[in-house]
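K.L.:
The residues making up each chain are set out below.
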Amino acid sequence: MTRQLDPVTFEVLKNAFANLVDQMAEQILRTCYSFVIYSRDFSNALCDAQGNTVMQGTQDIAVHVGTLHLTAKAVLETFGDDINPGDVFIVNDPYTGGTHFCDTRIVRPVFYDGEMIAMMLSNGHWADVGGTVPGSFDVNAKNHYGEGMRITPVKIWDRGKYRFDVANMMVANMRIPEERLGDLRAQNEATRVGETQLLRLVEKYGKDTVLQAFNECQDYVERVAKAKISELPQGTWETVDYIDQDPEVGDGLIPIKVKMTIEGDKINYDLTGSHSYIGCFLNSGGGASLSAIVAGTKTFFPDIPLNAGFYRVVNAVLPEDSVVNAPWPVAVTGFCSGAYEKIMNAIFELWSHVIPERALACSFNLEYLLIGGWDKRQDSENFFMWYDWMAGGHGGRSSKDGSNCTAPLFGVGLSVQPCEGQERLSPVLTTSHCIATDSGGPGKYRGGCGVEKGGTVLDSAGTVMSYCCDRGRSITWGIFGGLPSIPHSVRLNPGTDKERNLGTIFSNVPINVGDSFTRPSAGGGGLGDPIERDPKAVLEDVIDGYVSVERARKDYGVIISVIDEDLCHYVVDEEETDKKRKYIRTNRKVWLAEEPAFVREKYLDGEIDQLDLIRRYGVILDWHNNELLPETTREFRAMLQKRSAAYWA
Amino acid sequence: MSSFNKHEQFNANGLTKIMGGKKLSKYRVAVDVGGTFTDVFIFNEENGDIKVTKTPSTPSNPGQGILNGLDKAEVPLSEVTLFSHGTTVGTNALITRRLPPTALVTTEGFRDVIEIRRSTKPDLWDAYKDVAPPYIRRRDRLEVKERVDYDGNIVTPLDEEEARQLGAVLKKRGMEAVAICFMNSYANPEHELRMKEILQEELPDAFICTSAEVLPEIFEHERFSTTVVNAVLGPVAGKYLKKLTGHLREKGYQGEVLVLHCGGGVMTAETVSQCAARIASSGIAAGAISTSYIAKLCGYQNAMGLDMGGTSTDISLMYEGNIRITKDWAIEYGYPIMFPSIEILTIGAGGGSEAWIDEGKSLRNGPQSAGADPGPVCYNKGGTMPTNTDANLVLGRLNTKILGGAISLDKESAEKVIAEKIAQPFNFSTVEAANAIIKVANANMCDALKLISVRRGYDPREFALVAFGGAGSLHAAHLAQEMEIPVVIVPPFPGITSAMGCLLVDVRHDLSKTYLADVNKVKVEDLEREYEDLEAQAQKLLEEENTPTERMQLLRFLEMRYVGQWRSLSVPVSRPINSLEEAIETFHNEHQREYAFANRDQAVQIYGLHVAAIGTVPKPNLKKYPKEGSAKEGFIGTRQVYFEEAGGFVAAKIYDRAKIPAGATFEGPAIVEQLDSTVVVPPGVSVEVDEYLNIIMRIGKRG
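Sequence lines, in order, name chains Y and C. So in numbering that gives the first Met the number 0, the last one in the first sequence is 648, and the numbering has no gaps at all. So in numbering that gives the first Met the number 0, the last one in the second sequence is 702, and the numbering has no gaps at all.
By construction, these hints were calculated from the structure, which means they are not laboratory data. Glycine residues also receive a C-beta, built at the ideal position from the N, C-alpha and C atoms. Hints may contain errors.
Unchecked claim - Chain Y stretches covered by chain C per the calculated footprint, using a threshold of three residues with CB under 8 Å from any CB of chain C:
id: 1; stretch: 174-185
id: 2; stretch: 419-425
id: 3; stretch: 636-648
Claimed, not checked - DSSO-like mimics (lysine-lysine), calculated; alpha carbons at most 27 Å apart, straight line:
id: 4; chain 1: C; residue 1: 360; chain 2: Y; residue 2: 206
id: 5; chain 1: C; residue 1: 360; chain 2: Y; residue 2: 225
id: 6; chain 1: Y; residue 1: 227; chain 2: C; residue 2: 360
id: 7; chain 1: Y; residue 1: 227; chain 2: C; residue 2: 128
id: 8; chain 1: Y; residue 1: 206; chain 2: C; residue 2: 449
id: 9; chain 1: C; residue 1: 539; chain 2: C; residue 2: 241
id: 10; chain 1: C; residue 1: 128; chain 2: Y; residue 2: 297
id: 11; chain 1: C; residue 1: 520; chain 2: Y; residue 2: 375
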């Protein structure tokens, strides 16, 4: 396609497309009913008549990137010629390029003079789409039948007529149906806002010019991306990241392999060698994996607008029937916590070698805890859903520490909910929401800090808890010599004799009134050798409580004495620090090779603690019963050798 | 700087009884302290003379710049009745983190609420761009045992012993300010107040504020954040105003020292530290206020303000006579200040914005700016990238001599840089390239105007555009054509329009609280009582400021939403409340306008109450001039100016604004030149100078 538009018309229309998609976002934000959508788990796109993305919202969530056009194409494929003015479609099908059932998409074809010229898409995460678990996250699901309502492309407006019968049938299968209809309306209005704006542009500039601009916007992005890629070193880079386990199997990490080749002005990703799909819902469908690849790559090209032009320079090979390309009807609802962020982090690591000044160690894994039941507080008889996700730490960087308490990679625009709002809506009292000391992976540049959030369940009945998370074993890792952060898991009734470690994935665990719980979000992995971190930076971290005096000594070899806590007066003992650092340097490779069973004994004896196990010895236990996981430990140690030890002087 | 000649004088209507002043006094002074310049606007009530001065700002000691400006204007301060100003003191203190030692005292377990925030970043894709750190470091955030639940019940009593120990620590650390922020304190402030008492005993000189006093609203981060900003700025604002007031008193000023706040009102020095967070962006509201005033003067109730300077453009909107207000603002992303604020949209487009070609061969404009130093290439001060100013010069829209001849612009160097950087890569002529630069800049500004208008459900065809700042009137007519805005107003002194805004406002306080109730279940008497409580507090503030009762005005607003929805809308309610029906009807209508739908069958919920307390301040009455003049009086020649719509360079009439009288009419293509600005009148646009000497451009339909 050659350029025909003059530079001014092109720039004006390109910005106008971005503007109209952002107007759609504003509309949703102000009228939606699902708190998940309100927290910004949504996105919008303008696609051309072939379903190719022309523009996606500037504040859209990463996980929807690279998938919306697949939904548009699914509608085109399903309905062919039977798409008419006034039609509006609804789809949530992850098996035709969607992400998971909760991500419900409204698709509105736009007509001008009887010709379909574009499609407006609005995707929102509905708080519930039915299934056996409140919030539609059944971590034990093996297939999709119990997960929630699967909506293949359906006309919800037919030539302008609202199909109330179809809508009612759908929401009748969901919890709190009237709110779902509210979301449906909000998203539908958003697509209408987009349509109105687009038709204004057509009136003003003419149909041919606007359609030409659709093409040129995609060409433009392709051109910018290719220009940037051509300047990069050519070559092939490989790495592997892991999901914790297949719960059906137990011990053993689940590898996701990523091989990247930069050749000419294109990037190829080959995920061949990744594990076959597993017996829980952490698998990812092909569309979602493509999204992870696009979003991961895009992070190294922050200035390039997002549209189908970008997809043209990125090629992906996703092996069939694998954990990154699970077939129907394998459960994929937890893909974000599972394969998705592993692919993203693996890609970050690869790019850290290509563009070291933009390097990024592993960031914490998305986690969400659901408590559902009947609210029995005064005057209340409602079903409640306390559906909570946390901020966490991002990976250390080549020139500075990772960012503290930031939204997960799958959508850094996703906001955490206010505890005061949650307490009003649900009988759960939050007991803490604070930074987790020592959660940042040690490194010359420390990983950002994670968060600890705990609570107590108040007057309620039939209450159950479910958790969707990962990286309890494949712990958030460092690069270029940096160390891992902390393992994820939920602890029930911590500090009491009823304490139980529930792990990272579980469903429908019964909860009694008065039970307390807590869980951390991991920090980011460290970047660079922690022994090389400036002791002054460690001192500042200790003063602010990001790092404890003890871990300053163990992880960084920095000896700090407390002079006056009230006045925040701490000092570094330089002589002792030199000694300690030498000692660590001399011994750390030996520690990493120590017999795991022997290390475990030291842990059980209280001689070393959990962070010593992980950061110093690379030993992983089943945190529920403290049994050694030999295969997992072997793989984890190999990972530490490659990402950390190999860089130690 | 000189006073303006006879044509440009304003007149007062013989106002003598002025707030806080003596009868002999006759001047009103407004000052806008900006980042680069301090603008002083002096209005003589007796003869209507206006004086303006511009002096460099003095960020290290902001009061000094004001005094310099006043000295330069030679105004006897003993004869000043009213001193009102906008200041960047708060903004600068926050951005540079030059803040007094301040502690946060909070509920055990919640020390990091202000660091976790809502966890989002503004720049989603750039992993190296971070949100700024919190205003209080973690080491100075301390916890105490206490807990209140969502309904205000005490779950854990305040541990008073721990509270005292904590007070001793803060004393040891020499804290000058403390923000006390407890969970759910909006529902029951008891613990916060007790904590305050204890700390006051330990730290009698510290500025201590509680979150429930500052903003009794739900959502911890937003309330804590507002309280923290208030705490850190309390001493900053207090010291600054004390010093400034002292200097002004020394020079004989006896009235109140008024400070503009973000809500579009002023406060006195007495109340400013209580609501210090409101002066976090003191000056920025002034332009919006002037926009509103000027538009109303010209008979328009709907207007957008376009204040375009060297590096950025501020856009505001007034609808049906009310300036658009938002509660969603911050000085730095992530740290919301929840007091109502005039909504200003700032974009990186100004006279100094640079044109460039990106990797995809697309022509871009801004946000990088050559600023004042080195400035545009045509300043010959070392600029290397073509700017909007360079393009306007090449197109003949700007004269080669500006600021009354004080600065000469080098057209040749502008042509050279545009030819080299833009024209050659695109195979354009230099003039085509200059025109393309301006069109892209205009498109960016149109996008911003659309964000604040079309996106919110306002139709630009029903608005007037008020253009000011140094560069606003160079672009305004073309923006209006593009947006189908029918009228453009250019006030007499575009460069000092913002400063004038400080004289056009009333004392204003806004008080609000969260109040959740179903409209069908709420008792009007209960609501009335809640409003009366808020009003009593508001009245107290006005009394502290010596506002006479007859000048007090109280307004009520109700925030509502559909049950299940997350955002609320604020609508006015009567005082006293007779029934809620009218408010509910307004809510449905506003929802329809803003979000394109309303659902009268759906339950509506009350979300919060808001009272605005206003102490009216007399405004200058501007003199009307008889519309008897002719444009001929201001005609000074013709120049070749490029207009694409006319097919290229055409002879445009050039006018000297200082000499165009009221009643003059003329047609574009024309250029109006004045000391601090240039007005571009494209072909097909007709101009009338109104009785206040505003230039009114009527924009014909395009094409």
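K.L.:
Does each hint fit the structure? Answer for all of them.
P.N.:
Verification of the hints:
{"no.": "1", "hint": "174-185", "in the structure": "holds (count 4)"}
{"no.": "2", "hint": "419-425", "in the structure": "holds (count 4)"}
{"no.": "3", "hint": "636-648", "in the structure": "violated (count 0)"}
{"no.": "4", "hint": "C:360 x Y:206", "in the structure": "holds, 24 Å"}
{"no.": "5", "hint": "C:360 x Y:225", "in the structure": "holds, 12 Å"}
{"no.": "6", "hint": "Y:227 x C:360", "in the structure": "holds, 13 Å"}
{"no.": "7", "hint": "Y:227 x C:128", "in the structure": "holds, 20 Å"}
{"no.": "8", "hint": "Y:206 x C:449", "in the structure": "holds, 21 Å"}
{"no.": "9", "hint": "C:539 x C:241", "in the structure": "holds, 22 Å"}
{"no.": "10", "hint": "C:128 x Y:297", "in the structure": "holds, 15 Å"}
{"no.": "11", "hint": "C:520 x Y:375", "in the structure": "holds, 21 Å"}
Going down the numbered hints, you'll see the structure goes against just number 3.
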